[in-house]
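A.B. asks: The lines below spell out each chain.
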Amino acid sequence: MSISVPMRVPELEPAGTVVVGPPRRSLLSRVVGRTGGVLVQVAVVAIALFWLFPTVGLAVASLRDTADNSASGWWTVFTAPSQLTLDNYASLLQNETILRSLWNTVLITVPSTLLVVIIGAFGAYALAWLEFPGRDWVFVIVVALIVVPVQVAIIPDARLFGALGMYGTIPAVVAFHVAFGLPFAIFLLRNFFAAIPRDLLEAARMDGGSEFTIFRKVVLPIGWPAVASLGIFQFLWVWNDLLVALVFATSDNAPITYALREQMRAFSSNVDVIGPGAFVSMAVPLIVFFAFQRYFVQGVLAGSVK
Amino acid sequence: MTRTSEPVDGERTAATTTADPQPAEAPAARSETAAADRSGVPGAARGGRPRWEGRTIAVLFLAPALLTLAALVVYPILYTIWLSLHNADGSRFVGLDNYVTMFTAADVRKAITNNVIWVVVAPSLVTIIGLILAVLTERVRMATAFKTILFMPMAISFLAAGVTFRMVYDESPDRGAANAFAVAVHDMFRSPSPYHGTSVREGSLLVADADGALRTAGNVDANQPVLLPLVGLPEDRIPSAAAPAAATDAGQGLRGVVWLDFTRGGGGTAGVVDPTERGLPAMAVEALRDGAVVGRTTTAADGRFSFPDLTGDGYQIRLAGSNFTEPFAGVTWLGPSLVTPAIIGAYIWIWAGFAMVLISAGLAAIPRDALEAARMDGATEWQVFRLVTAPLVRPVLTVVFVTLVINVLKIFDLILVIAPESSQDDANVVALEMYRVSFGGGLDFGLGSALGVLLFLLVLPAMLLRIRSMRKGVS
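So the protein sequences, as listed, match chains C and H. Residue numbers for the first sequence follow the working numbering, so the first one is 1 and each next one is one higher. Residue numbers for the second sequence follow the working numbering, so the first one is 1 and each next one is one higher.
Some hints here could point you the wrong way.
Said to hold, decoys possible - One-sided and incomplete, this derived list gives chain H residues near chain C with beta-carbon spacing under 10 Å:
| # | residue |
| --- | --- |
| 1 | L62 |
| 2 | M154 |
| 3 | P173 |
| 4 | V231 |
| 5 | G232 |
| 6 | L233 |
| 7 | F412 |
What the hints assert, rightly or not - The following residues of chain H were derived to be distant from chain C, with all beta-carbon distances above 10 Å:
| # | residue |
| --- | --- |
| 8 | F103 |
| 9 | I112 |
| 10 | S124 |
| 11 | R141 |
| 12 | P192 |
| 13 | E202 |
| 14 | P234 |
| 15 | A282 |
| 16 | D313 |
| 17 | F328 |
| 18 | E421 |
As the list claims (entries may be wrong) - Restraint ranges, calculated between C-beta atoms of paired labels, are given here:
| # | chain 1 | residue 1 | chain 2 | residue 2 | range |
| --- | --- | --- | --- | --- | --- |
| 19 | H | P308 | C | L39 | 24 to 34 Å |
| 20 | C | D136 | H | A71 | 21 to 31 Å |
| 21 | C | S70 | H | R141 | 38 to 48 Å |
| 22 | H | S124 | C | S82 | 24 to 34 Å |
| 23 | C | L93 | H | A106 | 21 to 31 Å |
| 24 | C | L93 | H | E138 | 30 to 40 Å |
| 25 | H | G440 | C | D199 | 13 to 23 Å |
| 26 | C | A80 | H | R386 | 30 to 40 Å |
| 27 | H | W52 | C | M206 | 13 to 23 Å |
| 28 | C | D65 | H | V100 | 27 to 37 Å |
None of these hints come from the bench; they were simulated from the model. From the three backbone atoms N, C-alpha and C, an ideal C-beta is built for every residue, glycine too.
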């Protein structure tokens with residue numbers, strides 16, 4: 001179905017925005033158009049501020065101490081900027097639970113991303129360019145698995161990990177993320193790889209290159225944009241995950257989302273931990289967002305079907 | 001659904017304008033030709049490798065992926081279906097009991113109802129808002145910066161977004177932005193009464209009446225002033241206009257005084273107007289006779305009021321309820337009744353940027369020539385929108401909408417994080433209930449599996465359609 005097909009909607013800059021002026025317009029319509037334009041511009045700026053408001057609120061609240069946060073709203077900093085303090089962040093650096101959970105997030109996210117990209121790329125290459133019976137069926141089944149909700153697998157997988165003695169460990173969390181990341185990875189990469197001109201691969205094969213060499217020297221370099229998009233999407237997906245961590249990780253192996261969720265049981269008294277903690281956990285995705293905006297948008301738009 | 005979504009592939013190809021190969025390039029169109037010329041060539045012919053070698057390599061390349069998928073996705077699906085037909089610990093076959101429970105137990109039904117609300121409301125709102133935003137950004141300056149801001153929430157976790165909105169929805173207007181705003185707007189139209197929270201001096205004539213009003217218990221007459229003492233008004237809320245209460249007997253007709261029967265620093269006699277005690281100005285006073293209002297007035301700065309025209313006896317005095325209106329304390333966003341709409345608000349904040357970017361791309365792909373041609377032919381802007389723009393954008397809207405429906409069916413984190421423990425039952429959805437019954441203390445793997453199967457069945461149409469379009473494309 002079409003929703004499954006990732007769209008080519010790369011950047012946030014719309015294509016072809018150079019508008020050639022319409023032929024003739026009366027003075028009236030031009031005046032109306034211009035005032036309307038100003039109104040639209042004002043509305044757009046207002047909406048943007050409105051959208052920023054919650055995030056700015058979280059950022060400012062994380063810079064105020066608990067007493068201030070329980071006594072007044074974060075917006076009072078505009079009149080009393082002296083409230084701002086880095087104390088929460090300083091004590092966050094002393095908070096071993098939070099620090100360990102941040103490190104756990106890294107330990108979970110990096111292998112999950114690398115494994116999905118590597119295993120997915122090999123599989124996608126086979127499905128795109130190697131001949132074997134039932135290939136199309138395999139691809140169809142893999143694609144069908146993209147929308148499978150994790151809820152339909154967590155109980156058996158928890159039992160399986162328990163039987164293997166790895167329940168609650170980081171490898172268990174990684175394994176689950178890899179399994180549920182693969183269908184989309186294979187789908188995205190296979191379509192991209194299949195679009196590589198046949199001649200390039202044929203030439204490499206004629207030169208006696210092994211399939212592995214072709215994969216590494218021809219397909220991966222050309223398919224790099226798709227690999228990057230996939231990698232970023234998978235990275236964010238795992239970094240931001242809460243459910244899988246709740247089910248498969250013990251609190252010692254828990255990522256930051258899990259640790260913050262624990263703190264939220266007493267929300268207002270723990271704002272000094274939750275605020276800066278949430279902001280730190282947001283920092284990495286936001287850096288990725290601003291640094292790789294193009295791949296990021298592609299990856300997120302394509303992967304949103306999951 | 002298929003019918004509406006089918007043109008999308010074509011639309012999408014149209015949107016694909018750049019040269020570099022992209023995954024989005026309609027696989028259907030491409031693979032038709034690719035498959036055609038590939039199928040004719042035996043694998044062995046290529047590169048001079050024997051067929052078995054090619055197959056071995058294919059197996060090696062695919063094995064890690066397929067083994068992982070088989071062990072951790074496909075087999076668990078079957079196992080979950082098996083579990084859903086068994087009791088809590090899987091020891092006894094119970095048939096469809098878990099499914100019956102699912103639709104009869106109150107908390108699970110609530111979860112299903114909430115999921116229905118989510119699916120009906122959230123995707124359409126996000127799509128509509130995305131469309132509006134996309135249209136708005138079409139011709140403004142700095143559109144890219146705007147889109148970046150709106151798309152940013154997609155980068156952060158539901159947990160971080162949830163934390164953010166827990167703060168926005170804080171019940172105290174002093175802390176929560178939503179309530180600070182609600183109270184500001186409310187007070188703009190209806191300012192709170194300064195006398196809220198005051199109470200009646202014990203032993204006085206006043207008793208509570210309907211709507212927060214105070215009324216004299218028995219009848220009063222015009223022969224002497226009616227003394228109406230109140231207590232319990234904090235110093236800082238006494239109106240600055242208040243003058244020392246006057247207990248003068250002067251005047252005629254029904255009259256009296258409303259005052260704060262409290263002498264600072266002690267002293268003073270209850271029910272008597274002492275020298276330093278102050279009147280309560282601008283209090284709305286009504287005179288009643290036989291239950292009907294016969295006069296209305298307000299107190300002066302010294303708390304006095306009078307109805308010169310009313311003489312004789314048989315009256316009651318009432319201090320209107322509006323004098324004692326409690327100030328608006330804001331909305332309990334995360335309470336039982338509003339928690340789901342409130343969380344949907346947070347969801348819109350996260351996903352509107354997604355809808356906007358997709359729809360913008362759809363709008364950008366509309367050929368400007370067609371729009372100009374229609375305008376040249378004398379079509380009005382509305383006609384242009386209805387006859388040219390709308391049909392061309394509809395496929396993108398469908399894509400956005402369906403994607404959101406699938407996403408909303410599985411909504412979990414946002415509710416777990418935003419809804420406080422006290423109202424989590426009221427905000428419950430299927431995915432959350434599944435987690436709660438099987439891991440969050442319930443340990444009922446039978447019911448949990450049944451809920452997992454339910455979620456699976458709900459996304460199954462999307463899956464089947466996907467297979468159908470793939471089959472068309474690949475083979």
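A.B. asks: Say whether it holds or is violated: H:S124 keeps its Cβ farther than 10 Å from all Cβ of chain C.
C.D. replies: holds, 16 Å
A.B. asks: Does the claim that H:E421 lies off the interface hold, with its Cβ farther than 10 Å from every Cβ of chain C?
C.D. replies: Per Cβ check, H:E421 is inside 10 Å of chain C; nearest 7 Å; violated.
A.B. asks: Is it true that C:S70 and H:R141 lie within 38 to 48 Å of each other by Cβ?
C.D. replies: Distance hint for C:S70, H:R141 holds at roughly 41 Å.
A.B. asks: Grab the minimum C-beta distance from H:V231 to chain C and call the hint holds if it beats 10 Å, violated otherwise.
C.D. replies: With a closest approach of 29 Å, the H:V231 hint is violated.
A.B. asks: According to the definition I'm using, a residue is off the interface if its beta carbon is farther than 10 Å from all beta carbons of the partner; does H:P234 meet that for chain C?
C.D. replies: holds, 19 Å
A.B. asks: Verify this label for me: H:R141 is non-interface relative to chain C, using a Cβ-Cβ cutoff of 10 Å.
C.D. replies: violated, 7 Å
A.B. asks: Mind checking the hinted window 13 to 23 Å against the Cβ distance between H:W52 and C:M206?
C.D. replies: holds, 20 Å
A.B. asks: Taking the minimum C-beta separation from H:F103 to chain C, is that value above 10 Å?
C.D. replies: holds, 17 Å
A.B. asks: Could one say that the CB atoms of C:D65 and H:V100 fall in the range 27 to 37 Å?
C.D. replies: For C:D65 and H:V100 the Cβ distance comes to about 53 Å; the hint is violated.
A.B. asks: Per the CB criterion, is H:P173 less than 10 Å away from chain C?
C.D. replies: holds, 8 Å
A.B. asks: Is 24 to 34 Å respected by the C-beta to C-beta distance linking H:S124 and C:S82?
C.D. replies: violated, 46 Å
A.B. asks: Hey, does H:D313 actually stay past 10 Å from chain C on C-beta?
C.D. replies: About 54 Å separates H:D313 from the closest Cβ of chain C, which puts it past 10 Å; holds.
Hint compliance for this structure: hints 4, 5, 6, 11, 18, 19, 22, 23, 24, 25, 26, 28 are not met, and every other hint is.
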